[in-house]
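**Student:** These are the residues of each chain, in order.
There are 2 protein chains.
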Amino acid sequence: MTATVHRLRKAAPSLDPMLALVAGDMNAVNAVILDRMQSQIPLIPELAGHLIAGGGKRMRPMLTLASARLIGYTGTRHHRLAAAVEFIHTATLLHDDVVDGSDLRRGRRTANIIWGNPASVLVGDFLFSRSFELMVEDGSLKVLKILSNASAVIAEGEVNQLTAARRVDLGEDRYLDIIGAKTAALFAAACRIAAVVAERPEAEETALDAYGRNLGIAFQLVDDAIDYVSDAGTMGKDAGDDFREGKMTLPVILAHARGTPEERQFWKDAVEGRRDSDADFAHAVELVQRSRAVDDTLARARHYGQRAIDAIAGFPDGAAKAAMVEAVEFAVARAY
Amino acid sequence: MTATVHRLRKAAPSLDPMLALVAGDMNAVNAVILDRMQSQIPLIPELAGHLIAGGGKRMRPMLTLASARLIGYTGTRHHRLAAAVEFIHTATLLHDDVVDGSDLRRGRRTANIIWGNPASVLVGDFLFSRSFELMVEDGSLKVLKILSNASAVIAEGEVNQLTAARRVDLGEDRYLDIIGAKTAALFAAACRIAAVVAERPEAEETALDAYGRNLGIAFQLVDDAIDYVSDAGTMGKDAGDDFREGKMTLPVILAHARGTPEERQFWKDAVEGRRDSDADFAHAVELVQRSRAVDDTLARARHYGQRAIDAIAGFPDGAAKAAMVEAVEFAVARAY
Numbered sequence: 001m002t003a004t005v006h007r008l009r010k011a012a013p014s015l016d017p018m019l020a021l022v023a024g025d026m027n028a029v030n031a032v033i034l035d036r037m038q039s040q041i042p043l044i045p046e047l048a049g050h051l052i053a054g055g056g057k058r059m060r061p062m063l064t065l066a067s068a069r070l071i072g073y074t075g076t077r078h079h080r081l082a083a084a085v086e087f088i089h090t091a092t093l094l095h096d097d098v099v100d101g102s103d104l105r106r107g108r109r110t111a112n113i114i115w116g117n118p119a120s121v122l123v124g125d126f127l128f129s130r131s132f133e134l135m136v137e138d139g140s141l142k143v144l145k146i147l148s149n150a151s152a153v154i155a156e157g158e159v160n161q162l163t164a165a166r167r168v169d170l171g172e173d174r175y176l177d178i179i180g181a182k183t184a185a186l187f188a189a190a191c192r193i194a195a196v197v198a199e200r201p202e203a204e205e206t207a208l209d210a211y212g213r214n215l216g217i218a219f220q221l222v223d224d225a226i227d228y229v230s231d232a233g234t235m236g237k238d239a240g241d242d243f244r245e246g247k248m249t250l251p252v253i254l255a256h257a258r259g260t261p262e263e264r265q266f267w268k269d270a271v272e273g274r275r276d277s278d279a280d281f282a283h284a285v286e287l288v289q290r291s292r293a294v295d296d297t298l299a300r301a302r303h304y305g306q307r308a309i310d311a312i313a314g315f316p317d318g319a320a321k322a323a324m325v326e327a328v329e330f331a332v333a334r335a336y
Numbered sequence: 337m338t339a340t341v342h343r344l345r346k347a348a349p350s351l352d353p354m355l356a357l358v359a360g361d362m363n364a365v366n367a368v369i370l371d372r373m374q375s376q377i378p379l380i381p382e383l384a385g386h387l388i389a390g391g392g393k394r395m396r397p398m399l400t401l402a403s404a405r406l407i408g409y410t411g412t413r414h415h416r417l418a419a420a421v422e423f424i425h426t427a428t429l430l431h432d433d434v435v436d437g438s439d440l441r442r443g444r445r446t447a448n449i450i451w452g453n454p455a456s457v458l459v460g461d462f463l464f465s466r467s468f469e470l471m472v473e474d475g476s477l478k479v480l481k482i483l484s485n486a487s488a489v490i491a492e493g494e495v496n497q498l499t500a501a502r503r504v505d506l507g508e509d510r511y512l513d514i515i516g517a518k519t520a521a522l523f524a525a526a527c528r529i530a531a532v533v534a535e536r537p538e539a540e541e542t543a544l545d546a547y548g549r550n551l552g553i554a555f556q557l558v559d560d561a562i563d564y565v566s567d568a569g570t571m572g573k574d575a576g577d578d579f580r581e582g583k584m585t586l587p588v589i590l591a592h593a594r595g596t597p598e599e600r601q602f603w604k605d606a607v608e609g610r611r612d613s614d615a616d617f618a619h620a621v622e623l624v625q626r627s628r629a630v631d632d633t634l635a636r637a638r639h640y641g642q643r644a645i646d647a648i649a650g651f652p653d654g655a656a657k658a659a660m661v662e663a664v665e666f667a668v669a670r671a672y
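Residue numbers (our numbering), protein chains in the order written: chain A, 1 to 336; chain B, 337 to 672.
Please note that the accuracy of each hint is not assured.
DEER-style ranges, computed between Cβ atoms [to be verified]:
hint : chain 1 : residue 1 : chain 2 : residue 2 : range
1    : A       : Gly101    : B       : Ala389    : 49 to 57 Å
2    : A       : Lys142    : B       : Gly360    : 27 to 35 Å
3    : A       : Gly107    : B       : Asp612    : 50 to 58 Å
4    : A       : Gly101    : B       : Asp371    : 46 to 54 Å
5    : B       : Ala348    : A       : Ala53     : 51 to 59 Å
6    : B       : Ser350    : A       : Arg108    : 54 to 62 Å
7    : A       : Glu46     : B       : Asp371    : 39 to 47 Å
8    : A       : Gly101    : B       : Ser613    : 50 to 58 Å
9    : A       : Asp16     : B       : Gln376    : 18 to 26 Å
10   : B       : Glu538    : A       : Lys57     : 39 to 47 Å
Far from chain A, by Cβ distances over 12 Å, these chain B residues were calculated [said to hold, decoys possible]:
hint : residue
11   : His342
12   : Asp352
13   : Gly360
14   : Asp361
15   : Val368
16   : Ala389
17   : Arg413
18   : Arg444
19   : Pro454
20   : Val479
21   : Gly493
22   : Val565
23   : Asp574
24   : Asp605
25   : Asp646
26   : Phe651
Since the hints were derived computationally from the structure, they do not count as laboratory data.
Every residue, glycine too, gets a C-beta built ideally from N, C-alpha and C.
The following block holds chain A by itself, in its conformation from the complex:
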C-alpha cells in the first residue's frame, strides 16, 4: 500500500474539520482556562477574560489537541498543557500590545487601551507564571523544558524584532529568524508536547514540531501579506495596519529589494514613519502588487505550508491527519 500524498489543493479549505475534531477536548481546555485565570484580585480575570474571550481561535491549544488525536493519545493531561500554551500566548499578546502601542486587536479595543499599560504588563506576567504552575502540576520536566525554551525564544524574537524595527534593509533571513522565534516556536512546542505526554518516540516529537513550526511560519507570512490585500477581514485586522506602523514584513522587504531607487526611498520613508496617509498606503499596495511582493510572500507561505503537511506524512491517515492538512490549506488560503 502506498501512503497518501497530501498536497495543497485549490478548493476553499476550512478550519471546520479541525474545530470538529477537537471540540470535546476544547471544552475541557476552556474549563481549565476559565478556572485558572481566576484570582482574588478582580482586575486579573477581568483583563485576562477580555482577551481570552475576545474571539481568538485558540489556534495553539487546538494544535496540541489535534496532534494528540493524530497520535492516538487517549488521556487528559494535554488539556491542562494546552491551557498553559494558551496562557503563554495570551501573556505574549498582552505584552505585544504594550510594546507596539496597539489600540485594536481582532476589532476590539486592546487591554492596554482599556486598563492601561501597567495592568497589561502585570496581568501578562501573572498568566505567564500561571502557565508554569499548570505545567508543574502536570509534572513533565520534558514539557517544562520545551515550553520554557519556547518562551525564552519568543522573548528573544520579540527583542530581535524590536531592534529590527524601522530598518528597511532587514533582509529576508533575519525576518524569518524573527517570525520563527516569535510565532513559529510556540506553534512547534504546542504540537510537540502532545507527543511527549503520549510518550511517543523522538521522531514523532520532531515531526509534530516541524508541522507546527512550518505552519506557524506560513501563518505569519500570510498574516503579513493580508495587510496589503484590500478586502482583508478574515483576521479581524484592517489592511494597512502594519504599513502605518512602519512594520517590517516580507512584502515590504521584497518590494523594497525589487524597487527602483525612488521606490526604495518610499519604503525607507514608510518604515521610518514618514509615510502613513491613505494615499501612501494605496501607493504601497500598488508597489507590492507590481513587484509581485505579495504574491511571492504567499508563495513562500505555501512552501512552508507544504513542508508542514509533509512533516506529518508518516502518521496514519484518518480524520485527524485530514483535519491537520486542511488547517494548513486554510492558513495559506486566507488571503485569496
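Dock chain B against the given chain A, drawing on the hints supplied.
**Tutor:** Positioned in the frame of chain A, the structure of chain B alone reads:
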C-alpha cells in the same frame, strides 16, 4: 544545654558576615548569571547587564546561599537556582520600573529610560523565561512549584498594588497583603528552595520560608519608612520618592489614620497626586514624625525581624546562623 536566644540588639549590625559567608558561592552564582543572560540579540545582555551589574545587593540569591549553609548543604545545585531567583527578581524590577514610570533606581537611570519601555518589558520576559530554563535544568519539580507559585503571587501582588494605588484608605491589612506578595514571597521562596535541594525535612523548609518571608516584610517596611527619613541614602533611593509618586505605604496609612481632618485631607491630596512640592514633602515628614508613623512602621519592622530570627532558632548555632541573624538586624537598623 540551653539554646542561644538571639534577640535584636542595639549595636550597629552589618551585612558583612553574610557577604563573607557566601562569597565563594556567590562567585559561582554570578558566573551562572553572566553566562545565562547572554543572547545572540545584543540588546538583551546589554539591558539586563545594566540592571544586574547595577549595584544590587543580590539579596535574594544571598539568602538561598546562606540558607544552604545553615543546613549544611555541600552541593552546587543551589548556584543555578539562586541565579534563577535573581532573574525572576530582575525581571520584576524591569517590569516594575515600566509600571511605575520610574526614571532612577539605585541612583542610576532605569533601563526603561535608557532603552524604552518596550525593551524593558521584553527583556524582563526573556529573563523570566530563562529563570524557568535554569530551574528545569536543575530538574526539581518541587523547586519549580515553589518558584512558579511565588512568581504568580508576585504578579498578583503587583496587580493588587496597582488597583490600590492612590487609595488613601487602603488599610494596614491590605498593605501587608501587598508587600507579602510582591516582596516577601520571593524572599521566602529563595530561602525555602535551599532546604529542598538539600532534601531536608518539611519543617526545615517551613522554617526557612518563614525566615525569608518575615525578613522580606521587615525589609519592605524599613524601605517604606526610609522614604520619610531625610538622611536616607543607604538604599540608593532619595527621601521623598514614594511621597512624590503618591505611593501608599505604611507611614502614610498610619499618619492618615491618626491625623486630624485637615491632615487626612492633606494625605488624600498627596496620594491623589495634588501635593508633590518640596514644601509638601517637608510637611509630610513633619506629620509622619509627629504622629509617630515612621517610628511605628519601624516598630512593625522589628516585630517581623524578630519573627524571622525566631523562625531559624531551631537550627544549630554557628557562623551561618549568626550571619542570618545579623542580616535581619541590619535590615531593620538601616533607618537609624
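**Student:** Does each hint hold? Answer for all of them.
**Tutor:** Hints, one by one, checked against the model:
1. A:Gly101 / B:Ala389: 49 to 57 Å: violated (30 Å)
2. A:Lys142 / B:Gly360: 27 to 35 Å: holds (34 Å)
3. A:Gly107 / B:Asp612: 50 to 58 Å: Roughly 40 Å apart at Cβ, these two residues miss the hinted range, so it is violated.
4. A:Gly101 / B:Asp371: 46 to 54 Å: Roughly 34 Å apart at Cβ, these two residues miss the hinted range, so it is violated.
5. B:Ala348 / A:Ala53: 51 to 59 Å: At roughly 57 Å between Cβ atoms, A:Ala53 and B:Ala348 fall inside 51 to 59 Å, so the hint holds.
6. B:Ser350 / A:Arg108: 54 to 62 Å: Given a distance of about 56 Å, which is inside 54 to 62 Å, the answer is holds.
7. A:Glu46 / B:Asp371: 39 to 47 Å: holds (40 Å)
8. A:Gly101 / B:Ser613: 50 to 58 Å: Violated: the Cβ-Cβ distance is about 32 Å, outside 50 to 58 Å.
9. A:Asp16 / B:Gln376: 18 to 26 Å: violated (41 Å)
10. B:Glu538 / A:Lys57: 39 to 47 Å: The hinted range 39 to 47 Å holds for B:Glu538 and A:Lys57, with Cβ atoms some 44 Å apart.
11. His342: holds (35 Å)
12. Asp352: holds (34 Å)
13. Gly360: The claim holds: B:Gly360 sits with its nearest Cβ about 29 Å from chain A, beyond 12 Å.
14. Asp361: B:Asp361 clear of chain A: closest Cβ-Cβ about 24 Å, beyond 12 Å.
15. Val368: holds (15 Å)
16. Ala389: Non-interface label on B:Ala389 holds, nearest chain A Cβ at 19 Å vs cutoff 12 Å.
17. Arg413: holds (14 Å)
18. Arg444: Given a closest Cβ separation of 21 Å, the condition holds.
19. Pro454: violated (4 Å)
20. Val479: violated (10 Å)
21. Gly493: Per Cβ check, B:Gly493 is inside 12 Å of chain A; nearest 9 Å; violated.
22. Val565: holds (28 Å)
23. Asp574: holds (22 Å)
24. Asp605: holds (22 Å)
25. Asp646: Label holds. Min Cβ-Cβ 29 Å, cutoff 12 Å.
26. Phe651: holds (28 Å)
Taken one by one, the earlier hints fail for this structure at numbers 1, 3, 4, 8, 9, 19, 20, 21, listed in ascending order.
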